[in-house]
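Q: One letter stands for each residue in the lines below.
4 protein chains.
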Amino acid sequence: MDFQPSAKTLDYRKRLIQFIKENIEPIESNYHKECRRLNPDADWRSWEVPPVVAELKAKAREAGLWNLFLPDAELGAGLSTLEYAPLAEVMGHSLLAPEIFNCNAPDTGNMEVLYHFGSDQQKQQWLTPLLKGEIRSVFCMTEPDVASSDATNMQTSIVADGDEVVISGRKWWSTGLGHPDAKFAIVMGLTDPDAPKHQRHSMVLVPLDTPGVTIERMLPAFGEYDAPYGHGEVLFEQVRVPKENVIGGLGDGFKIAQGRLGPGRIHHCMRALGAAEKALQLFMKRGQDRIAFGKPLLQLGGNLERVADMRIAIDQARLLTFFAAWKIDEVGAMKALAEISAIKVVAPNVLQQVVDEAIQLYGGAGVSHDVPLTQLFAVARALRIADGPDAVHRATIAKVELAKYRER
Amino acid sequence: MDFQPSAKTLDYRKRLIQFIKENIEPIESNYHKECRRLNPDADWRSWEVPPVVAELKAKAREAGLWNLFLPDAELGAGLSTLEYAPLAEVMGHSLLAPEIFNCNAPDTGNMEVLYHFGSDQQKQQWLTPLLKGEIRSVFCMTEPDVASSDATNMQTSIVADGDEVVISGRKWWSTGLGHPDAKFAIVMGLTDPDAPKHQRHSMVLVPLDTPGVTIERMLPAFGEYDAPYGHGEVLFEQVRVPKENVIGGLGDGFKIAQGRLGPGRIHHCMRALGAAEKALQLFMKRGQDRIAFGKPLLQLGGNLERVADMRIAIDQARLLTFFAAWKIDEVGAMKALAEISAIKVVAPNVLQQVVDEAIQLYGGAGVSHDVPLTQLFAVARALRIADGPDAVHRATIAKVELAKYRER
Amino acid sequence: MDFQPSAKTLDYRKRLIQFIKENIEPIESNYHKECRRLNPDADWRSWEVPPVVAELKAKAREAGLWNLFLPDAELGAGLSTLEYAPLAEVMGHSLLAPEIFNCNAPDTGNMEVLYHFGSDQQKQQWLTPLLKGEIRSVFCMTEPDVASSDATNMQTSIVADGDEVVISGRKWWSTGLGHPDAKFAIVMGLTDPDAPKHQRHSMVLVPLDTPGVTIERMLPAFGEYDAPYGHGEVLFEQVRVPKENVIGGLGDGFKIAQGRLGPGRIHHCMRALGAAEKALQLFMKRGQDRIAFGKPLLQLGGNLERVADMRIAIDQARLLTFFAAWKIDEVGAMKALAEISAIKVVAPNVLQQVVDEAIQLYGGAGVSHDVPLTQLFAVARALRIADGPDAVHRATIAKVELAKYRER
Amino acid sequence: MDFQPSAKTLDYRKRLIQFIKENIEPIESNYHKECRRLNPDADWRSWEVPPVVAELKAKAREAGLWNLFLPDAELGAGLSTLEYAPLAEVMGHSLLAPEIFNCNAPDTGNMEVLYHFGSDQQKQQWLTPLLKGEIRSVFCMTEPDVASSDATNMQTSIVADGDEVVISGRKWWSTGLGHPDAKFAIVMGLTDPDAPKHQRHSMVLVPLDTPGVTIERMLPAFGEYDAPYGHGEVLFEQVRVPKENVIGGLGDGFKIAQGRLGPGRIHHCMRALGAAEKALQLFMKRGQDRIAFGKPLLQLGGNLERVADMRIAIDQARLLTFFAAWKIDEVGAMKALAEISAIKVVAPNVLQQVVDEAIQLYGGAGVSHDVPLTQLFAVARALRIADGPDAVHRATIAKVELAKYRER
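Residue numbers (the UniProt record's numbering), protein chains in the order written: chain A, 1 to 408; chain B, 1 to 408; chain C, 1 to 408; chain D, 1 to 408.
Keep in mind the hints are simulated off the structure, nothing from the lab.
Treat identical chains as interchangeable: a pair holds within one or across any two.
Restricting the straight-line Cα-Cα distance to at most 25 Å, the calculated cross-link-like pairs of lysine-lysine (PhoX-like) are:
id, residue 1, residue 2
1, Lys183, Lys132
2, Lys295, Lys404
3, Lys243, Lys197
4, Lys295, Lys197
5, Lys335, Lys399
6, Lys59, Lys33
7, Lys335, Lys404
8, Lys404, Lys285
9, Lys14, Lys335
10, Lys14, Lys404
11, Lys295, Lys399
12, Lys404, Lys21
13, Lys285, Lys399
Assemble the whole structure, with the sequences as input and the hints as a guide.
A: Structure below.
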């Protein structure tokens with residue numbers, strides 16, 4: 001349980017910070033302005049990626065700041081979950097950074113799935129170009145018509161039919177669906193409703209140009225379309241893919257999902273904490289620069305108390321996330337469920353709270369696009385829902401706590 | 001302190017509810033979809049008002065549901081602040097309704113200013129068409145370069161020069177600046193920095209086509225541009241208007257502002273509570289309709305406790321707002337400062353909290369535009385800043401409390 | 001819904017404030033010191049009432065400040081629930097005051113029960129001496145062995161046997177059981193477990209010297225024994241009283257309880273808000289008098305924001321309590337269940353919060369007996385449990401809210 | 001930053017748990033009942049220690065569970081702050097345990113002071129018997145007449161006069177002053193008001209039987225006198241002790257205090273978290289055993305959400321305390337100020353919150369002495385004030401945060 005960053009981590013961290021400062025920060029505001037012009041719902045099919053992204057990705061790859069999330073020493077950087085955590089935090093300072101370092105969701109999770117569970121052919125066809133950053137991918141899990149917080153509600157079906165499987169259903173909040181480079185989705189669906197609870201679902205690779213796949217629209221989160229990625233709603237109508245596209249086997253969906261979500265939640269949470277540090281920096285900056293009633297805002301009312309509470313909240317959340325990461329590394333995600341759920345509740349709420357305070361100090365500017373606070377707020381607010389809403393994670397924690405007493 | 005609605009209020013209330021249900025609700029979702037297409041910053045000069053607005057305004061006027069906010073019995077409905085409060089709440093159920101009944105900010109506040117302080121000529125030229133709903137107006141107060149929470153920071157100048165006054169400065173968050181019918185702004189600025197604190201500022205009527213007036217852009221609030229109204233940033237460069245355009249006299253700005261803000265804050269807060277009731281309705285609806293883990297969401301975890309807490313919060317805030325309204329009617333806004341500040345803190349925070357809970361129950365839909373929750377959130381969040389941020393109002397309340405002890 | 005105090009209320013209020021200031025405040029600290037010497041559990045049978053109490057009661061009665069809670073114009077002051085509410089608040093400024101004015105729980109509730117439901121004989125025997133303040137009484141409801149928040153759990157039985165009823169069971173938290181003048185208890189128990197839910201219970205008058213009644217101990221609440229009243233645990237072993245001691249008839253217990261709890265909760269809540277005002281006064285006083293880091297404590301950190309939040313919380317809670325009182329007067333307690341539950345949640349929590357803040361400002365003195373804050377804290381904390389814990393009241397509010405949607 | 005407990009820690013931890021379970025838990029409830037009989041203020045001079053304490057201390061010492069807090073390998077267990085932290089937590093499960101293992105405040109802090117700063121003679125005379133558990137000691141810091149949160153307010157003087165120093169002043173909240181074995185106090189006072197801020201104060205050893213030392217009374221904290229230790233108010237009137245009783249030299253008081261408070265706060269916070277675990281256990285127990293409305297309380301309303309939130313809060317606080325402990329070990333308390341302040345805010349507040357929830361679930365029993373919750377509450381509430389109130393620690397954290405920006 002040694003949370004001191006390893007030498008490798010420290011070296012990467014330093015280089016990431018420098019890369020972000022020199023290459024990403026200077027262009028970021030302009031990048032978002034360009035992307036925001038792409039916003040309107042109707043136009044998403046013509047979204048393009050600002051060319052600076054490809055340039056920076058090439059530069060990052062060259063600098064060896066690439067695929068750091070992948071525990072494989074050859075394909076990635078060979079870092080443990082705990083070793084990678086501080087790097088995810090640093091990337092969280094910038095909304096663009098994760099993409100530049102090829103460490104962006106949902107690609108990271110999809111790459112992990114393929115790395116751990118993919119067949120050789122699947123790896124060659126899909127993992128390799130993802131690792132090179134040449135294509136992007138999508139993960140289709142949430143459905144609009146049912147409470148997706150309860151996985152047993154899932155309606156999309158994945159049914160074997162000879163050498164093929166047939167996918168039927170509707171998914172939404174599939175991040176990246178609007179991206180021009182998005183080539184395939186990993187779709188989760190119901191294969192056998194009568195199987196034991198954790199063997200009912202399957203995951204299958206579906207190229208987005210397969211007949212029957214219709215991307216219907218992009219969804220805004222608090223008004224943010226997150227172009228050129230987007231969060232899409234997609235209809236699968238009798239979509240047929242070869243059986244070889246099933247990941248693992250039919251019925252393995254739940255098992256794979258669990259493995260996928262462990263490190264993925266660490267990444268999300270650490271990025272959220274990086275974003276919270278960014279928001280706190282903005283709070284401090286505004287609080288020192290802006291004068292009212294003859295004093296910098298920081299010196300007024302309870303603002304310094306807020307600083308203390310935010311610092312405490314962030315530091316506690318970071319340590320808890322390190323702890324969950326360490327536990328994943330030690331005993332696997334399945335035995336770290338309560339810890340993963342704990343950070344999934346804590347980190348987005350900390351981010352939401354810190355951003356809300358920063359917005360208040362910025363006044364009108366805070367709710368505009370002149371500072372990136374509403375973007376960070378949207379990230380926080382959506383994250384309290386995505387990958388399981390707060391309520392589901394609280395229930396998991398309580399269940400694990402209760403089990404301690406049952407054992408006694 | 002009789003909070004029982006008067007017969008007149010009850011009658012108007014019933015008719016407003018019916019009008020909204022029959023005429024506004026059915027078209028509202030489509031209206032917002034149309035308006036949202038107008039969003040992008042660059043395009044605001046071509047914003048148009050969906051024709052349904054003019055139709056509904058005519059219908060509302062015909063039905064006598066018009067200018068209800070104005071205490072004058074001939075020009076308006078002759079209702080006291082307390083009598084109007086429940087009507088503002090009802091209008092708050094819908095983001096479009098206030099406009100339809102010609103009770104929309106900032107026109108209401110501007111009409112009040114002209115009604116109470118305008119010269120006959122000003123009334124004829126500006127108040128009459130506003131009361132008819134033929135034009136719209138703007139209020140220019142907040143400035144981007146200083147903490148506008150502290151009025152003494154204001155930099156825009158309004159200086160006499162012969163028969164004219166000259167306005168120079170920059171304002172933003174001027175709501176309605178993007179509206180095609182917006183014809184003039186009431187601008188607040190500094191006339192004499194050496195005068196006693198409350199006699200330094202002036203208000204002046206500035207037609208928007210006056211040379212030197214440049215509307216630079218529309219600002220998004222949490223991604224919402226609120227087309228076709230918009231919140232604008234505007235530059236006044238040596239703008240000259242005749243002295244007759246000054247409201248009251250030079251130096252009267254602060255006095256007028258205080259009068260303007262009293263009833264206006266009641267309106268804002270009651271609309272916020274109407275919106276909170278709407279959000280609670282959505283919470284209840286989703287909580288009953290959506291099933292997870294074999295139960296309606298409402299029956300899971302602490303959701304019913306949340307219902308209780310939200311009901312308590314809304315009911316308390318409403319009574320406090322009635323109290324502030326009553327006090328304004330009894331002793332005037334200047335002697336009700338603490339009460340007005342109290343509701344200005346409470347109501348938007350209640351709305352933000354209720355909306356946040358409703359979003360959580362709606363999951364992905366909650367952060368999208370499929371339900372109006374993020375719009376309501378933006379209203380709440382912006383309102384915690386507009387018309388004085390929470391911190392300033394808390395300071396006012398504390399000051400009044402402190403004074404009780406000094407007197408002893 | 002006119003919350004403006006009536007002329008009668010204003011007159012009583014003024015006289016109460018003066019009486020408390022002149023007669024109670026000067027002796028209060030010493031009174032509590034004397035009472036606290038009576039504390040130890042073992043000694044409660046020898047508790048005596050400091051003689052000053054009888055003197056002050058006589059004086060209050062002479063001044064006509066007596067039985068103000070009773071709606072009867074002859075026996076009491078003929079005030080409505082709403083009219084009495086502000087008087088209960090004033091009495092709440094002092095922990096001793098309610099006793100002095102013969103408006104102390106549980107006597108007030110017991111007197112109301114006898115007034116509304118007692119037979120002529122019961123009134124003559126028990127109500128008359130209570131109204132004169134010659135004896136005190138007890139209400140036995142809560143039981144130690146079951147969750148008393150759920151009335152259907154109640155185990156104490158009240159069974160008819162010829163001309164008598166037989167009471168068997170154990171009760172605790174029966175306030176006043178240690179008082180030397182306590183003469184009888186109203187005991188609630190189960191008569192017929194098979195009757196419809198609301199007709200199973202009965203209330204019966206039990207003189208405390210009846211054979212089979214054993215007072216076992218006095219209970220401390222946060223270390224406070226509240227001598228010479230005390231909160232007792234009492235055992236009823238085959239206790240026999242004549243059937244005439246049943247209030248109303250067998251099976252009427254629930255109906256009577258409901259009527260008893262309505263106004264009683266208003267009294268409790270208003271006293272709690274009076275106590276909160278007292279705690280806020282102490283906060284303000286300490287905050288102005290005590291200097292740290294060169295400034296009065298009030299000027300440090302977020303303390304003035306706390307003042308604002310406390311002022312808002314108290315004012316909102318008061319208005320909500322007035323509203324509940326008004327509704328009880330208008331439509332009866334049974335139709336004001338949600339409103340009564342709302343204040344029962346709000347008022348004690350507001351008191352707890354305000355006292356907690358005041359304690360913090362007083363530092364070490366705050367947790368000692370040098371200021372009455374821990375006493376007020378104990379009142380608040382116990383009140384969140386007594387008369388239904390927060391959770392039960394939240395459930396009631398949610399149930400009523402839900403019913404609105406079912407009706408639609 | 002390896003928070004994995006060392007083998008030594010794990011071994012001690014296991015043995016402590018077993019010792020507490022076998023020897024302390026069975027007698028604890030009775031011990032507190034006996035001690036509570038000692039409560040009344042007037043009687044403290046006759047307080048006696050229940051004989052079981054000496055028996056258990058002997059047993060613990062024999063078992064090698066003795067002086068574990070002391071980093072010295074010979075005199076204590078040679079554990080680092082981080083290694084000792086989990087042991088302090090375990091001791092926190094029981095209010096009596098720290099005494100039994102000779103790890104009780106303020107003796108621990110006093111022993112540390114003597115160990116690090118005492119002269120050989122001081123060590124021989126005072127440290128040795130303390131280490132043997134033969135005597136007890138007191139620390140006199142807080143004063144009643146000034147805001148002791150601001151050390152510059154301190155009024156007690158320690159002035160050199162020939163071969164002696166003279167102590168004059170009043171102290172209170174001096175824990176242990178009522179204990180029959182208390183032999184001396186370490187008194188902090190002002191020596192030179194004109195010296196640099198951190199060289200004005202001195203610490204001096206004062207035998208309690210020195211002429212001029214008058215213990216005036218014991219103070220209750222939320223009604224708890226904590227007999228036979230007590231929290232005393234003591235007057236020093238021209239008290240003379242030889243100069244050799246000064247610890248370090250005159251003017252070293254502040255430096256010594258800082259060193260004393262670092263590890264001491266870790267101990268306090270870890271014990272608080274142990275107490276929070278205890279309270280959570282009680283919550284779980286009651287929540288499973290008690291039935292209302294047909295279900296165990298845990299299954300009702302938001303109670304399971306509360307379990308999750310409490311588990312998260314405790315786990316986060318523990319990790320943060322480990323972090324602060326680690327930092328003290330690495331760089332010393334002076335460079336870990338912000339971290340120490342952070343846990344000093346967090347841990348007592350977590351304990352207060354968890355205890356408050358547990359009380360609510362226990363209902364009437366919760367506020368009584370039938371369960372130890374109000375005792376734990378008193379500990380939590382007092383700890384938010386002792387060793388610097390929350391506000392002072394928040395200010396420290398903000399100051400350190402601010403310094404990061406000044407450096408840039």
